[in-house]
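Trainee: Given next are the chains, with one letter for each unit.
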Amino acid sequence: MNIMTTVKSPAQPKIKSLAVEGLSKSYGQIHVLSNLNLRVEPGEVISIVGPSGAGKTTLLRCLSGLLPPSSGGVKVGDEPVREPVAEIGLVFQDYRGSMMPWMRAEENVAFPLQGKGVSKSVRLARARECLEAVGLPGVGDRYPWQMSGGMQQRVAIARAIAYDAQILLMDEPFGSLDAQTRFDLEDLVLSIRRRLAVSIVVVTHDIDEAVYLADRVVVLSGHPATVIDTVDIDLGMDRDQIKTKADPRFAAYRGRILEQIRRPKPE
Amino acid sequence: MRYVLVDFLVELARSIWLPVCLLLLWLVVSNGSTSIYFPPLADIGATLVRELFVGDLGRNLLLSLYNLAVGLVIAIVLGVAFGLIIGRAEKFRRVVSPTLNFLRAVPPAAIVPIIIIALGVGAAPKIFVIALGCFWPILLNTIDGVRGTSPALLETARAYRIPSHLFVFRVSLPAALPQIMAGIRVALAVGLVLMVISEFFGADAGIGFYITDASTRFAIQETWAGTLLVGVMGYVLSSLFLQIERRLLYWYFQDGNNASQRQSNRRRIKAGGGQ
Numbered sequence: 001m002n003i004m005t006t007v008k009s010p011a012q013p014k015i016k017s018l019a020v021e022g023l024s025k026s027y028g029q030i031h032v033l034s035n036l037n038l039r040v041e042p043g044e045v046i047s048i049v050g051p052s053g054a055g056k057t058t059l060l061r062c063l064s065g066l067l068p069p070s071s072g073g074v075k076v077g078d079e080p081v082r083e084p085v086a087e088i089g090l091v092f093q094d095y096r097g098s099m100m101p102w103m104r105a106e107e108n109v110a111f112p113l114q115g116k117g118v119s120k121s122v123r124l125a126r127a128r129e130c131l132e133a134v135g136l137p138g139v140g141d142r143y144p145w146q147m148s149g150g151m152q153q154r155v156a157i158a159r160a161i162a163y164d165a166q167i168l169l170m171d172e173p174f175g176s177l178d179a180q181t182r183f184d185l186e187d188l189v190l191s192i193r194r195r196l197a198v199s200i201v202v203v204t205h206d207i208d209e210a211v212y213l214a215d216r217v218v219v220l221s222g223h224p225a226t227v228i229d230t231v232d233i234d235l236g237m238d239r240d241q242i243k244t245k246a247d248p249r250f251a252a253y254r255g256r257i258l259e260q261i262r263r264p265k266p267e
Numbered sequence: 268m269r270y271v272l273v274d275f276l277v278e279l280a281r282s283i284w285l286p287v288c289l290l291l292l293w294l295v296v297s298n299g300s301t302s303i304y305f306p307p308l309a310d311i312g313a314t315l316v317r318e319l320f321v322g323d324l325g326r327n328l329l330l331s332l333y334n335l336a337v338g339l340v341i342a343i344v345l346g347v348a349f350g351l352i353i354g355r356a357e358k359f360r361r362v363v364s365p366t367l368n369f370l371r372a373v374p375p376a377a378i379v380p381i382i383i384i385a386l387g388v389g390a391a392p393k394i395f396v397i398a399l400g401c402f403w404p405i406l407l408n409t410i411d412g413v414r415g416t417s418p419a420l421l422e423t424a425r426a427y428r429i430p431s432h433l434f435v436f437r438v439s440l441p442a443a444l445p446q447i448m449a450g451i452r453v454a455l456a457v458g459l460v461l462m463v464i465s466e467f468f469g470a471d472a473g474i475g476f477y478i479t480d481a482s483t484r485f486a487i488q489e490t491w492a493g494t495l496l497v498g499v500m501g502y503v504l505s506s507l508f509l510q511i512e513r514r515l516l517y518w519y520f521q522d523g524n525n526a527s528q529r530q531s532n533r534r535r536i537k538a539g540g541g542q
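As given, the protein sequences belong to chains A and B, one line each in that order.
Quick note on numbering: the numbering used here labels position 100 of the first sequence as 100, and the sequence is numbered without any gaps.
Quick note on numbering: the numbering used here labels position 97 of the second sequence as 364, and the sequence is numbered without any gaps.
Derived by calculation from the structure, the hints in this document are not laboratory data.
Just so we're clear, the structure is a prediction, and the values are computed from it rather than from any experiment.
Honestly, I wouldn't trust all of these hints.
Quick look at which bits of chain B chain A covers, simulated, 3 or more residues with Cβ under 8 Å [as the list claims (entries may be wrong)]:
| # | segment |
| --- | --- |
| 1 | 420-427 |
| 2 | 431-440 |
| 3 | 510-522 |
Here a beta-carbon is modelled for each residue, glycine too, at the ideal position from N, C-alpha and C.
Bound-form chain B, shown alone (with noise of 0.2 Å):
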C-alpha cells in the first residue's frame, strides 16, 4: 500500500511540476503589471475564484460540461457500436472506408456556424457539433482496433464455437478496448475545443458565451479567467480520463507484452536513480 502512495505522488509530481513552476513564473513576471491586456495572474485568480463562486462563471461552466457530456456519451456509444459493426465487416468497411476519411478530414470546427444556423440556438446544436466532432476519432480507433484483434483469439473463438453476441461484447470489444479508449481521449480533446468555440455564436450560456461576452465587454479579467478555467478544465478532465483508462485497462497495462514500453521506462528511472 505504501508503494501505491508512493508511486502516486512520484506520479504526480512528475507530471505538475512543468505546470506549477510556469504558472510561478507568470505570477511572478505579471506581479504589478499595469497592461491592461496582460493583467497580475494574482488579480486573474482573485477574479477567476469570485467569478466562479459569487458570479456567473460557475452556472455556466455546468452548462458547458453538461453539453460536452452527453455529446460525448453519444459520440462514444454510437462511435463504439458502428465500429464494431464496421471492423467486422470487411467488405462494407472497404466501401464505407474513403468515405469515412473524408469526413475525418473536415475539422469539425468548420462546420459549427452552419450547424448554428441550420439547428438554431439552444443546446442541442452544441451538442450535436460535439457528438459529431468525437464521434469520428472514436469510430476509427474502433474500427482498428476490432481489426487488430489477434488471429490466434480469432481462432480460439471459432474453435470453441462462441456465439456472435458473446463473441462482440467478451472478445470484439475487450481486444479493441485500448483503441477505443485512445480514440476516447482524442475525441475529449476535440470535445473540449467544440465546448468551447460552439457557444461563440448564437450563445446565450455556457463557458464560450461567458469569455467572449466578457471579451466584447472589454472584461480582460473576466476574459482571463474564463480562458484560464478552460484550460484547467481540460487538465482535469484528461486526468481524470486516465485513472478512468488504468482501471478499465488493468489487464493491458500489467501484461508484461503490452507494458513493456512503461516497464522500460520505469527501469530507466530505477537506474538512474541508482547513479
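Excised from the complex, chain A in its bound form (with noise of 0.2 Å):
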C-alpha cells in the first residue's frame, strides 16, 4: 500500500493537538461526563474504552463541536472548540447515515472539499486518490447503496481523510462490521497513522481493538464517567492481527482494561 505516500497534503501542516480541559457533560439532572482531562499528542493513536452507557460518543461529540460542554472545555492547539472545526474529520459509528445517497462515493468524498471552495476538478481527484488509500480503487463511481458495510467506512475514511483533517475521530467505527471486515480496517487505521501525519482518537467498547489500534487506551468508567486508567501500549508501530494479539503484552493490558471495566473502582 505505498500508495499511501500520494494522499499527503500537499503542503504538510504542523499536526495540533486535542486538549480535553476539566470537560463535564449534563442533560439537565443527568450527568454524562464529570471532569476528564485527556491530552491527544500529534501523531498519536487513542483508544477510549468504557462499559456501554458510559457516555463515549457523548465525549466524542464534545471533542468535535457537535456538543458544547457544560463546563470545561476541547482545545485544538490553542483554539478553543466550538464548533466543529476543519482540523477535525469524524467518522461515525452510522456508516450508512453518514453517505448522502444521491452521491457516488467520490462525490462524498469531495463533497466536504466544495465547501472548502475546492474546485471541482481537484477535489475529485482528490476523492479518487483518497478512495485508492483506503483500498478501494476504481469504485468511485458507485453509491454508497451499492456497497458493504465495511466498503461504505472506508469511504467514510477516505473522506475524513480528503477533508485534510489532522485530527480524526471514530465513533464504534466497526461495531456493526463483520469480524473479518474489521479487522481490516484496523489495519487500515494502522497503516493511516502510519503514513499520514494524522491523531486519531478512536472510541470503542471492544477492548481487543482499543489495545490493538492505540498507543494509549483511556478507560472510562462510572456514572457520571471519569478517566479511571490510562494505559500506555507499547506494542511498537507494527502490529499484527495474529502475531500482536498472541503477544502476552497484549494480553496483560487485555486482562488489566477488561478488569477495570467489569468492576468499576468503588467511588
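Join these two chains into a complex; the hints should help.
Mentor: This is the structure in C-alpha cells:
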C-alpha cells in the first residue's frame, strides 16, 4: 500500500494537539461526563473504552464540537473548539446514515472539499486518490447503497482524509461490521497512522480493538464517567492481527482494562 | 437490456389491462345505443379524432395545457423555495403551520369564482388558480421532507462544515426530493381539476370551455369527446410524471432501504410465477 504516500497533503501543516480540560457534560439532571482531562499528542492514536452507556459517544461529540460541554472545554492547538473545526474529521458509527445516498462515493468524499471552495476537478481527483488510499480503487462511481458496510466505512475514512483532517475522531467505527472486515479496517487505521500525519481517537467498547489500535488506552467508567485509568500500550508501530494479539503483553493490557471495566472502582 | 424491455412491457401490461378492458366493455355495450346522452363509444371516438385534428379541440387543449404547465411551474418553484425555508426554520414553522393547514383545507375549486371575478377573463386568473391550488401540497410536502432529513446526515453536514447554500441545495433538497415529488404528484391531479374548472366560468377558450360550451349547445358527442380527452390527458400526464420521478429519484428507488416495499412486491410476483 505504498499508494498511501501520495495522499499526503501538499503542504503538510504542523499537526495540532487535542486537549480536553476539565470537561463535564450533563443533560439536565443527568451527569454524563465529569471533569475529564485528556491530551492527544500530535500523531498519537488513542482509544477510549468504557462499558456501554459510559458516555463515550457524548465525549466524542464534545471533542468534535458537535455538542457544547456543560463546563470545561476542548482545545485544538490553542484554539477552543465551540463548533466543528476544520482540523477534525469525523467517522461515524452509522456509516450508512452518514453517506448521502444521492451522491456517488467520490462525490461523498469530495463534498466537504466543495464547502472549502476547492475546484471540482481538484476535489474529484483528490477523492479518487483518497479512495485508492483506503483500498477502494475504481469504485468512485458507485452509490453508497451499492457497497458493503465495510466499503462504506472505508469511504467515510477516505472522506475524513480528503478533508485534510489532522485529527480523526472515530465513534465505534467498526462496531456493526463482521469480524474479518473489522480486522481489515483496523489494519487500515494502523496503516493510515503510519503513513499520514494524523492523530486518531477511536471510541470503542471492544477492548481487543482498543489495545490493538492505540498508543494509549483511556478507560472511562462510572456515572458520571471519569477517566479511571490510562494505559500506555507499548507494542510498537508494526502490529499484526495474529502475532500482536498472541503477545503476552497484549493479553496483560487486555486483562488490566477488562478488569476495570467489569468491576469499576467503588467511588 | 432485454430484461429492461421485458420489465417495461410487463409493467405497461399490468397498468393498462384494466382500462383497456373497461373501454372494450363500454365499446361493446354502447354499440348501437340510441340514447341521446350515451351515444356509442365508436361515435364518440370518431368525434374526438375529428375535433382534435380538424376542429377546435386541439387548440383548446393546448391552451389549457399551457395554463396548467405555467401554473404548476410557479407552484413548484414557490412551494419548494418556501418549503426549504420554512422546513429549516422550526420556530417560524410552528407559528405559520396552523395558518398553512387552514389555507390548505380550503378546497381550491371553491375560490375559482371569486378569482375570476377579481382577475377577469384571460389566462392570468386560470394560471393563478392552478398555481394556488398546486402550491399547498408541494409546500407542505417540502416542509415535511426537509424536516424528515435524517439526523445522521445533518450531523455529518455539520461535522464537515458544509456552508448553508451547499447544504440547502445538495443536502436538504435531495433529502426532501422523494416527498417533494409526492407533493407534485398530488399537485398535478389538483391542477388538472382546476385547469378544467377554471375554464367553466368566464372563459372563451380551453378544454373546460370546450366541454361546457358543447354541453350548453347540446352537442353530446363533443361533450363526451372533451371529457374523455381530459381523462386521457390526466393519465398521460401522470404516467409521464412517474417516468420523470423514477429518473430523478434513481438513488431512492434503487436503495434497498427505500425500495424494500417494491422489492417485496417483485419477489411476491416471482414466487407467484414459480407456482
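Trainee: Among the hints numbered above, which are violated by the structure, and what are their numbers in rising order?
Mentor: none
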